[in-house]
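> For reference, each letter of the sequence shown is one residue, going 0 to 295 in numbering that gives the first Met the number 0.
Keep in mind that a hint or two might mislead.
[Stated by the list, open to error] Within a straight-line C-alpha distance of at most 25 Å, the following computed DSS-like cross-link-like pairs (lysine-lysine) qualify:
1. Lys68 <-> Lys29
2. Lys128 <-> Lys262
3. Lys55 <-> Lys29
4. Lys29 <-> Lys99
5. Lys265 <-> Lys128
6. Lys99 <-> Lys55
7. Lys55 <-> Lys128
8. Lys265 <-> Lys68
9. Lys68 <-> Lys55
For the record, the hints were derived by calculation from the structure and aren't laboratory data.
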Amino acid sequence: MSTDNLIGRTVAGYRLLSHVGEGGTATVYKAEHPERGLVALKVLRTRLAQDPVAIKRFLREAEFGTRIKHPNIVQTYEYGETEDLYYLAMEWVDGEALEKFASRSGRLAPALVATIIEQIGNALAAAHKQNIIHRDLKPANIQYNPATQRAVLLDFGIARDADLKPEERLTRTGFFVGTLQYVAPEALSGELVNEQADVYSLATIAYYLLAGTLPYSGRSPRELFQQLLSQPPIPLNQAVKGLRFPDAVEAAIMAGLERDLTKRSKTVDEFTSRLCTALRAPEDKKGGFLKSLFGK
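Please construct the entire structure, taking both the sequences and the accompanying hints into account.
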């Protein structure tokens, strides 16, 4: 039976209720467990069950999940193999992908952006303390609940251990992993990256949530790839005509997007603290944030 059609089946005690989503290597189901209640069950695709690299990457994601404990990182319960399936059981997180929420809502209020970025920044800091680099940070990999304003970081499928020996890496040199719109320029060569690559991706997310657009205008993968390699990002206050942010907000964002690693924010803590402080700054005598944003 294909892992794409497992609804109704019980896997390692988890009864699969409905299909949630899928990627190139795995399918995610909403499932029910007699003790844990609702969970998200990720199942490696059947066609990859004999692929040693795919299996190793899947199990590495699961192992990373057990190493990091943080309220803004999806909790991993257990993982293993049963019959012909590799599975990963995780916390069921209410809400929707931040990508979907932001697309529906349009540009988000600065205070809300600060709330979201602070949570994800703290989650990344916890991962980095375990020497885990996410490498695929993007709105689609963040679950957001508008009712509680809780943001949860998902999918460590292409994360890597910063302590990993080069000969143990699963990505070939010369090939980059991640999502082009959010990946750091230094990752494009396929070389090993450090936590500053996650800083860059987090800054790109903040830029997108505030401006409703991305820091590069490339419309095709080829054009975007070339821009990332050769051009600076569009300054935040030039992203949308008539939309302006306080200088401190723009400076914090652009520091996270610096191509030069000696100028980019060194850690997610540094970036998050600087940006959220700027976003939450009290109004000035000329009308404050709203006037800066809307010219009123």
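> For every hint, state whether the structure bears it out.
Against the structure, the hints:
1. Our distance criterion of 25 Å between C-alpha atoms is met by Lys68 and Lys29, whose separation comes to about 22 Å.
2. Of the supplied pair hints, the one linking Lys128 and Lys262 holds, its CA atoms being roughly 22 Å apart against a limit of 25 Å.
3. Of the pairs offered as hints, the one joining Lys55 and Lys29 holds, with about 24 Å between alpha carbons and a cut-off of 25 Å not exceeded.
4. The straight-line distance between the Cα atoms of Lys29 and Lys99 is roughly 19 Å, inside the 25 Å bound, and the hint therefore holds.
5. For the given pair, Lys265 sits about 14 Å from Lys128 by alpha-carbon distance, which is consistent with the 25 Å threshold.
6. Proposed proximity of Lys99 and Lys55 is contradicted: the alpha carbons are some 30 Å apart, above 25 Å.
7. At most 25 Å may separate the alpha-carbon atoms for a hinted pair to count; Lys55 and Lys128 meet this at roughly 23 Å.
8. As the CA atoms of Lys265 and Lys68 are separated by approximately 23 Å, the hinted pair is consistent with the 25 Å bound.
9. Taking the CA atoms of Lys68 and Lys55, the gap is about 22 Å. The hint holds against a cut of 25 Å.
The structure fails to meet hint 6 from the earlier list, while all remaining hints are met.
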